[in-house]
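There are 2 protein chains.
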Amino acid sequence: MGSMSDPRLAEYLQFLRFPSISTDPERKGDVAACAAWLERKLTGMGLETRVVSTAGHPIVLAKNAHQPGRRTVMIYGHYDVQPVDPVELWTSPPFEPRIENDVVFARGAADNKGQIFAHVLGLEETLKEKGELPVNLVLLIEGEEEVGSAHLEEFLLAHREDLRCDVIAISDTGMIAKGYPTFTYGLRGIGALELKVTGPGSDLHSGIYGGAVANPATAVARLVASLHDENGHVAVPGFYDDVAPLQDWERAAWARLPFGDEDLLKVTGSRELFGEAGFTSLERTWARPTAEVNGIGGGFQGVGTKTVLPQKAFAKLTFRLVPNQQPDDVMEKVKAHLRTKCPPGVQLEISGSHAGEPYFTDPQSADGQAAQRALQRAFPGKDLALIREGGSIPIVNTFKRVLGAETLLLGLALPDCRAHAPDENFPLANFFGGIGLNRALLEELAG
Amino acid sequence: MGSMSDPRLAEYLQFLRFPSISTDPERKGDVAACAAWLERKLTGMGLETRVVSTAGHPIVLAKNAHQPGRRTVMIYGHYDVQPVDPVELWTSPPFEPRIENDVVFARGAADNKGQIFAHVLGLEETLKEKGELPVNLVLLIEGEEEVGSAHLEEFLLAHREDLRCDVIAISDTGMIAKGYPTFTYGLRGIGALELKVTGPGSDLHSGIYGGAVANPATAVARLVASLHDENGHVAVPGFYDDVAPLQDWERAAWARLPFGDEDLLKVTGSRELFGEAGFTSLERTWARPTAEVNGIGGGFQGVGTKTVLPQKAFAKLTFRLVPNQQPDDVMEKVKAHLRTKCPPGVQLEISGSHAGEPYFTDPQSADGQAAQRALQRAFPGKDLALIREGGSIPIVNTFKRVLGAETLLLGLALPDCRAHAPDENFPLANFFGGIGLNRALLEELAG
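Protein chains in written order, with the UniProt record's numbering: chain L, 1 to 447; chain R, 1 to 447.
Source of the hints: derived by calculation from the structure; they are not laboratory data. A hint or two may mislead.
Put simply, identical chains are the same to the list, so a pair is met inside one copy or across any two.
Here are the simulated DSBU-like pairs of lysine-lysine, each with C-alpha atoms no more than 35 angstroms apart in a straight line [unchecked claim]: (1) K196 <-> K335; (2) K196 <-> K333; (3) K196 <-> K341; (4) K41 <-> K382; (5) K128 <-> K178; (6) K63 <-> K178; (7) K41 <-> K63; (8) K63 <-> K400; (9) K28 <-> K41; (10) K333 <-> K400; (11) K335 <-> K400.
Using the sequences provided together with the hints, build the complete structure.
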């Protein structure tokens with residue numbers, strides 16, 4: 001493992017200091033500065049690098065000199081990060097990386113700056129040692145993954161020839177447990193919407209008017225409550241229509257993994273678990289769709305009592321989807337359900353945001369096997385874990401559709417990495433292991 | 001009506017400039033400064049005035065020289081005000097009073113500074129003109145009405161002899177319509193609680209963990225949704241057990257009042273009304289109990305999407321109660337209901353805050369009739385309206401219990417006064433009419 005004075009580590013921390021929050025319009029300049037920093041780094045390594053503007057945040061694209069007869073491998077990652085609220089729950093400021101017990105704490109430490117930068121440094125090592133890479137490389141690092149990769153598909157379509165590749169590798173998933181090389185063959189998709197309920201023209205005195213005017217906060221609560229039954233099943237009609245059933249081999253393999261309910265309780269800091277009846281926790285998060293409230297709000301938010309009937313209320317919802325659900329189809333069903341369930345006396349407005357399909361790839365393909373060998377070389381000593389994941393990387397489906405290539409998911413984050421949450425973190429062991437993974441992966445994929 | 005240069009108006013505006021928000025610990029000094037200002041005013045009028053400290057905010061108490069054989073009248077009001085959020089919806093700053101078209105806009109303009117200060121100026125006029133008042137006066141202006149008059153009962157018990165009176169008058173209710181003298185013979189009570197639901201140890205990635213860990217925002221929504229059925233009835237078992245049925249004469253009288261659903265739509269800025277099936281809007285707000293969400297919150301509150309499963313969520317609830325419901329009894333039923341309805345996988349914490357009983361007094365009593373004569377003298381030309389109100393003034397019951405006196409409710413606020421909301425307002429006509437009301441009231445009550 002590299003020491004604290006390792007220049008590779010210093011560069012990683014520099015990368016983490018950019019507050020590249022893609023969803024926040026006020027951070028547009030920071031996102032752009034982060035892209036420019038990456039461009040300088042990659043150009044310095046000898047790669048032909050461009051920052052390509054989009055209608056949103058820029059894409060960083062780098063290639064070596066392609067040679068006929070070699071396989072072409074795309075490595076994809078993202079340099080944008082999630083917001084940091086509630087910022088007061090961070091032990092140290094999210095964009096001032098802190099290292100404690102060989103673990104880096106910062107927004108983006110794991111998701112995805114730490115993982116993509118390990119690949120960058122792996123490429124740098126190979127280039128320094130061998131003067132060239134064993135494959136034709138396409139390195140694509142985008143700035144809109146956390147907002148649904150809004151402009152990536154347009155970019156892929158416009159540069160389809162330039163981006164032609166045989167296979168794609170992404171490290172933006174997890175290792176099932178510390179030290180266990182992990183190959184992810186499935187991901188959940190996502191559909192997001194925000195519902196806003198408005199009632200009276202302003203906040204009202206809840207004593208004077210309460211009873212005669214519908215309460216928008218009550219309406220939002222009733223809409224949210226209508227999403228589930230008491231057994232944790234999603235209660236939207238038709239929601240499960242296209243869900244691919246779990247295979248017996250998966251259920252058996254997952255039951256043997258070194259991650260159980262005790263680990264989940266610990267990692268999430270929960271006192272008890274709850275989910276859809278009839279499934280284990282791993283099955284619930286990896287292979288079953290969900291409806292989640294990401295934010296709800298309305299009325300008085302301060303300390304004490306304020307007897308108002310609020311003028312409006314909102315809920316931000318995301319739905320995790322599994323093969324073979326289609327986001328557009330499911331989201332239409334959800335919207336129809338919400339419109340049906342909206343109580344009288346209020347106005348309901350539903351705005352959609354991003355959506356992404358679920359993903360499933362064959363772990364027994366030649367490239368799948370090559371990737372698994374590379375993982376075992378980079379993280380020796382433990383059984384390889386074959387898993388799915390609950391998160392969404394919508395662009396893997398876009399890659400398949402536009403570029404015709406399968407994606408290999410070689411995750412490096414640990415279950416307690418706290419991605420999207422305060423105190424996000426990434427162990428130095430995984431960061432330096434990721435550098436080795438990149439080197440082994442290109443060799444294995446070169447064939 | 002007084003002109004803009006009227007010193008009485010200037011003093012009223014001075015009173016409004018104190019941000020005396022009793023629920024906000026940071027405003028403690030402002031609340032105290034407001035009490036001190038009142039003390040100076042009342043002392044200057046020749047009343048024997050004291051500011052009495054409590055464990056909360058101080059009480060201002062003023063008396064004239066009591067004489068045997070005269071009736072003793074207490075006038076009660078409050079100098080504390082509600083919070084101002086959402087402050088961005090105010091047309092002008094809430095503590096910088098603005099006069100437009102003979103209407104004063106400011107927090108407290110109507111509730112209660114405008115109304116209690118009209119009484120103060122009525123007393124001043126009588127004292128200036130006659131050298132004395134026709135009754136023994138006890139003027140009590142407290143600073144904790146908006147937080148449930150937390151320390152008033154203790155004060156009444158400790159000064160019971162000193163506060164002995166025959167009847168109490170309060171102007172902290174409304175006029176049914178502009179110019180209509182209005183006598184209020186009933187008020188709703190209130191019970192308040194805050195529920196807090198906690199789940200995981202921190203916000204979680206809703207993709208990675210969603211499905212296996214209960215969502216506290218979903219749980220809060222389910223709890224709130226459990227409070228009503230689809231017809232707007234409160235669904236807490238036993239909630240309606242002790243509700244006094246509406247009398248036929250009330251339903252008939254209210255149906256004739258110059259305030260209908262069109263007025264309610266206009267005053268509240270609503271597009272449609274909704275409430276408990278089987279009752280008119282006035283019946284719903286004046287004589288039926290309710291369950292209202294005053295605030296709900298949890299998870300991401302910012303712009304855009306953040307795919308978190310929130311660590312916690314809350315709802316602030318108030319219940320308006322009617323004769324003969326007992327707040328403690330009803331709130332126990334509500335808490336039991338919420339505990340029963342709390343979904344698995346989360347922890348529910350319920351904290352109570354203030355509660356107040358509903359009120360009902362006989363409009364045909366001698367003092368009730370005297371008050372109605374005074375109202376008709378101060379606001380001539382329109383039929384007197386006999387109404388109840390939906391708001392709560394919990395201390396009227398405390399007065400009855402501790403001092404043995406009935407309270408006369410002589411409201412001066414208009415339906416569109418926006419009490420507790422942005423752009424709270426009070427017409428100058430009502431302010432100056434209130435000065436006249438005080439003079440007529442003391443004469444009528446003197447008998």
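Inset, instruction - Taking the numbered hints from earlier one at a time, note which ones the structure violates and give those numbers from smallest to largest. - result: Result: no hint breaks.
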